[in-house]
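Following the hints, complete the assembly by docking chain B onto the known chain A.
Number of protein chains: 2
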Amino acid sequence: MAQKPSIPKGTRDFSPTEVAKRNYIFSTIKQVFEVYGFQPIETPAFENSSTLMGKYGEEGDRLIFKILNSGEYIKNLNYKVSEYILKVFLFFINDFKNKNKKISFGVLIQVLNDELNVDLRNLKDDKNIDDKIITPRLIKIIFEVFKNNIEEFKEIINSYNQIITYKDLKEKERAFLFDKSIECFGHWTAFVQSKSVTKFISEKALRYDLTVPFARYVVQHQNDIEFPFKRYQMQPVWRADRPQKGRFREFYQCDADVVGSKSLWQEVEFVQLYDSVFSKLKLTGTTIKLNNRKILAGIAEIIGAKDKLIDFTVALDKLDKIGEEGVTKEMLSKGISEEAIKIMQPLFHFNGSNQEKLNQLEELLATSEEGLQGVKDLRFVVDNIEVLGLQSAVLELDVTLARGLNYYTGAIYEVSAPEGVKMGSIGGGGRYDDLTGIFGLKNVSGVGISFGLDRIYLVLEELNLFEEVELPKPKVLFVNFGEAEATYCMKALAELRTNNIKSELYPDSAKMKKQMNYANRRKIPYVVIVGSTEIENNNYTLKNMQTGNQQLCSLKELLEIIT
Amino acid sequence: MAQKPSIPKGTRDFSPTEVAKRNYIFSTIKQVFEVYGFQPIETPAFENSSTLMGKYGEEGDRLIFKILNSGEYIKNLNYKVSEYILKVFLFFINDFKNKNKKISFGVLIQVLNDELNVDLRNLKDDKNIDDKIITPRLIKIIFEVFKNNIEEFKEIINSYNQIITYKDLKEKERAFLFDKSIECFGHWTAFVQSKSVTKFISEKALRYDLTVPFARYVVQHQNDIEFPFKRYQMQPVWRADRPQKGRFREFYQCDADVVGSKSLWQEVEFVQLYDSVFSKLKLTGTTIKLNNRKILAGIAEIIGAKDKLIDFTVALDKLDKIGEEGVTKEMLSKGISEEAIKIMQPLFHFNGSNQEKLNQLEELLATSEEGLQGVKDLRFVVDNIEVLGLQSAVLELDVTLARGLNYYTGAIYEVSAPEGVKMGSIGGGGRYDDLTGIFGLKNVSGVGISFGLDRIYLVLEELNLFEEVELPKPKVLFVNFGEAEATYCMKALAELRTNNIKSELYPDSAKMKKQMNYANRRKIPYVVIVGSTEIENNNYTLKNMQTGNQQLCSLKELLEIIT
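Just so you know, the protein sequences line up as chains A and B, in that order.
Position one of the first sequence corresponds to residue 215 (the numbering used here), numbered consecutively onward.
Position one of the second sequence corresponds to residue 215 (the numbering used here), numbered consecutively onward.
Isolated chain A, as found in the complex (with noise of 0.2 Å):
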């Protein structure tokens, strides 16, 4: 019963073909990120959870790919649940049976209360469970009892097992018993449903992005680098996303970060380093988006909308899609007023050369120093842009770009296909001011770009401009007439291997037919052809498969002619 192959929604495999054109695509970015200084480095696919979880916001955790505890993380997850079970029971077991107990069900709430407030958050904010079960807490707080005394716990088991048969219980008990087991389902129910039941059974989880992993990287071998830190990484990530085009649960992200300097310099690099990239992709006609968080803090500020920086720059990104009208509109359903909305006007038809907008940004943003500062930096970056030029994109600032915002803190990127190739962005970046701080290194400044590799890869295709890839794919087959003559093909196929020839040898004496087949169904430029004579004389015949020509030649002149 052999099973139907397949593999999993949002993943892919890659011909030969597309594993060539994926690493042209990928050379071309190495061998840029390397001409500008950058160094790879590599980090494990998967990461400890306590790395990843809390670092991409609740919707981020939600996409994380877990990782199942190997070996006995069944028994471990059994242990634990049903310890917390076994034990409420035992409790109300031994509230009956032992009086001289200390422990009571009002003193378990008690520490239950107090402990509450540290490990047990993540239970008491459990949307699945029902607060008016406090047992879930009784649960945990029986199993911090037992914890570190499996020996007690596995003799109170067996005790247990002995105690209760209904004949032992006064009927008192009985009932009391009877209705706690009852419980005892609802309890382990809701436990089971807690969301904390997940860090018993996994510890480990599949890298969501290359920016986290990098930041852990930076920190965790701080004494090994030289800062300022140029590193690049071209990894895959998984994210449990929903997969449609451009997409998937499984891509490639190419990231180059600086850490460790404030240098505007940095961030006049990056946009020379994307336009080199997709001009040596010949993906001319891109355009650099550029915009910078302190712009739009600025705005906010003017406007007298500080406290609403995030809902005013979440409208204000969605104008070309709901035009000035609805942008207003939403605003003022956040509460940002008519007058502020009057003040900022000018950036609903905010056009002109760059430097005509950061004049006029400069006028508008007068009164804000945070916003000045913003202008200051984008015309760094646009000044020395026009002076150093670019090849074949194009850097316009957008003011209405932010990606993120609550992450970047200075400039903001992002690129878009050229005109007429529907695809979202195709890379984007920015700098934050402490990105390494959430493992303990503080003050440490970052800026950095990524690739989309698989997007990159479509908009090529839709724009055909993989020709100049060359396929992995033999230059020349020798034909296989048996065994006398794929023995002389083989020290012929010796010398080629040896000059770095991709060759190869029917593997088969197969009919002659069979093997010309292969040849052209796979492109193959070269076929060779050795029977008796060719031995004899010591020679080849070599046959040109597009123009059909068929030739005598010495390995010597055989060499010459394919290379």
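The hints are simulated quantities; they were obtained by calculation from the structure and are not laboratory data.
Warning: the hint list may mix true and false statements.
Pairs count within a copy or across copies, as identical chains cannot be separated in the list.
[To be verified] Derived pair list, reagent style BS3-like, types lysine-lysine, alpha-carbon separation capped at 30 Å:
no., residue 1, residue 2
1, K235, K728
2, K476, K218
3, K590, K503
4, K522, K535
5, K494, K459
6, K244, K494
7, K727, K476
8, K476, K725
9, K535, K556
10, K532, K556
11, K494, K687
12, K705, K244
13, K705, K494
14, K705, K496
15, K656, K727
Frame of chain A; chain B shown alone:
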């Protein structure tokens, strides 16, 4: 409260230098693979569990990293498990309440036993389950009864919540239900302990090797593939193994396989391929051990232990560890007769040239057709390798070589590092006649080899064979003395970078000393110093960091010197 950063045990971060060294090995193997006509494919990091489970034996299954179903897996788990328990309850309850209910305990056990031979086998086989507890099966079957009627299930839960209060019940019911309620913990505990819970919470698993995903790939894409299909694949695999020297939980495999041909030329080529790669890596003195499964089968046959093939091979495989005596003892203990052992005596001190070994084998196996076929196959490889020659490796027949016998059907390869280097095998492979069979594509023979990248890395490290690796660091650093100087430098940088020279500007106009130290610590060979005078004269001061020499030069000269 920042967390101390760390990574899961058995995984590793790779620094820029380590990445460069690893890439040196990767690209060497990749180049040779392609020169031999192999084409790259890539498969997803995780596969459907059904694709991987059961392919690597019980041990293997245990070592596979399983991925938690994303999103609501917990609710699902809870559903499944709590349904089971509640329903056991319900059964007993209904058995009381509803006398005209058809389904009785006896009936359930009956249905159960019928079902048992089908999808419950894994429960039955489960070591963790106390066989005296029938109930996991009972639970399971009750679940089956309700499976397609979740509404009925909910109804009954509600009714049950109302019904079951102690007072409602007659004495007899109370006693019975109480004991049952206790029993239930045993039931669900046994269930949760059973492996069968895993499939409710995990349907994907991380790749354990590249061979099974490749087989899956071949079957899934059989219509797009030209056979014989020569593919290579270099990707990480994950195993929840106990980490130790040369063994990691995340490590790379580099595999080359040919499927769709039984040709012995392929077996010759893989010997050459190993030799080519290790020679290119300057790793001389490796030993390529070769054996053939037919030899082992032949020996087993002539000593009349055909049925004991595996015991016999496992014992023989230990010859170098436990010696002749040890092997003899083990074979006797496995029921292999003294006469049998006497017949195979020669194998215990089996030496001489490969040709001599082949002659001895031919005598020894004279009466075994399969054995003689094995000699013939080996002779083909040995003879042709003698004709074609090897650059730096030694080909050595080793009749004790088995590695995963039940898996291989023809040639068996294993590569050991040069003498004196303590390291397990650094490569291995062999022929398997029906790998794709498990996925429904019959009679497609394959043969392949694998390189253990991480072990090769350790060997090269130990033997200092990494000299020639170019580290991914800039060739030149431009010192940053301020905005005017930096702008001047950035123009030169643009020029260098278009010429693919790795170069960077120190991002901040920090103290000269600090910038020079940075260059020193990163071993950057050249530094360019630009002050106002250089700008006036439109030239650059170039400092060679090895010699300490400084010279003034034009941009053109700068390019020539550094390139």
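Tell me the hint numbers this structure goes against, listed in increasing order.
none
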